[in-house]
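Peer 1: Work out the full structure: start from the sequences and follow the hints.
So the protein lines, in turn, are chains A and B.
Everything in the first sequence is counted per my numbering, starting at 5 for the first residue and increasing by one.
Everything in the second sequence is counted per my numbering, starting at 5 for the first residue and increasing by one.
Careful, some of the hints might be misleading.
Straight-line alpha carbon distances no greater than 20 Å define the calculated PhoX-like cross-link-like pairs of lysine-lysine that follow [stated by the list, open to error]: (1) A/Lys85 with A/Lys35; (2) A/Lys51 with A/Lys18; (3) A/Lys51 with B/Lys100; (4) B/Lys51 with A/Lys98; (5) A/Lys51 with B/Lys98.
Think of the hints as simulated: they come from the structure by calculation, not from any bench.
2 protein chains.
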Amino acid sequence: MKRYGSVIGLSEDKIEEYKSLHQAVWPDVLKRIEQCNIRNYSIYLHKLDQAGYFLFSYFEYTGENFAEDMAQMAEDPVTQKWWALCEPCQVPLKNKAEGDWWANMTEVFHHP
Amino acid sequence: MKRYGSVIGLSEDKIEEYKSLHQAVWPDVLKRIEQCNIRNYSIYLHKLDQAGYFLFSYFEYTGENFAEDMAQMAEDPVTQKWWALCEPCQVPLKNKAEGDWWANMTEVFHHP
Chain A
5 MKRYGSVIGL
15 SEDKIEEYKS
25 LHQAVWPDVL
35 KRIEQCNIRN
45 YSIYLHKLDQ
55 AGYFLFSYFE
65 YTGENFAEDM
75 AQMAEDPVTQ
85 KWWALCEPCQ
95 VPLKNKAEGD
105 WWANMTEVFH
115 HP
Chain B
5 MKRYGSVIGL
15 SEDKIEEYKS
25 LHQAVWPDVL
35 KRIEQCNIRN
45 YSIYLHKLDQ
55 AGYFLFSYFE
65 YTGENFAEDM
75 AQMAEDPVTQ
85 KWWALCEPCQ
95 VPLKNKAEGD
105 WWANMTEVFH
115 HP
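Peer 2: Here is the structure:
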């Protein structure tokens, strides 16, 4: 199992929309998350003083090939429709890796 | 079990010091974390473009009284010495709750 922590900005005028969407995520989107071997997936929101609002995600990947599973997720038509609603709410960081949407963070500690 | 996501700033000139400390956390600090019913504890680091560096923590609390367990942790002399090394590296957010050091984030999604 491998853990992933990621971060992305959230537009201040889209906070309520993003929260509403995530209070009732479509069942087929959840099913695809499970099929792509993502477990224990949380998203948190906080305002970082003057820097604005950010979303932080944590999940555990239980599969064998993360790139392949993420490619499968990206090919799913329902997931594509879901992302078309979420992405206009989000503000990707400039220092994310090319091809990514959320920026992958560096793990500096884990226990136990 | 209850999940907690938290955030705090990290001074740019203390990044290496903070990383080194967390590559070899003192065994008695880890033991106290376990005794205080904290599990699956991760800390991530990322630079948020112009806003500087931030640490994000995720852990699961398996006890019955979080406030009491956190009070016990704060009373532990070894943990106090550890915090005396970590805290000068960190930059608490202005919008954290009074009495907290890290700012507690809002969970907007969890699955499954």
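Peer 1: All the hints need checking, so say for each whether the structure fits it.
Peer 2: Structure-based check of each hint:
A threshold of 20 Å between alpha carbons decides the hint, and for A/Lys85 with A/Lys35 the separation of about 14 Å falls inside it, so the pair holds. The hinted pair formed by A/Lys51 and A/Lys18 meets the criterion: a straight-line CA distance of about 13 Å does not exceed 20 Å. A hinted pair counts as satisfied when its Cα atoms are at most 20 Å apart, and A/Lys51 with B/Lys100 qualifies at roughly 10 Å. At most 20 Å may separate the alpha-carbon atoms for a hinted pair to count; B/Lys51 and A/Lys98 meet this at roughly 10 Å.
Taking the CA atoms of A/Lys51 and B/Lys98, the gap is about 10 Å. The hint holds against a cut of 20 Å.
The structure shown violates none of the earlier numbered hints.
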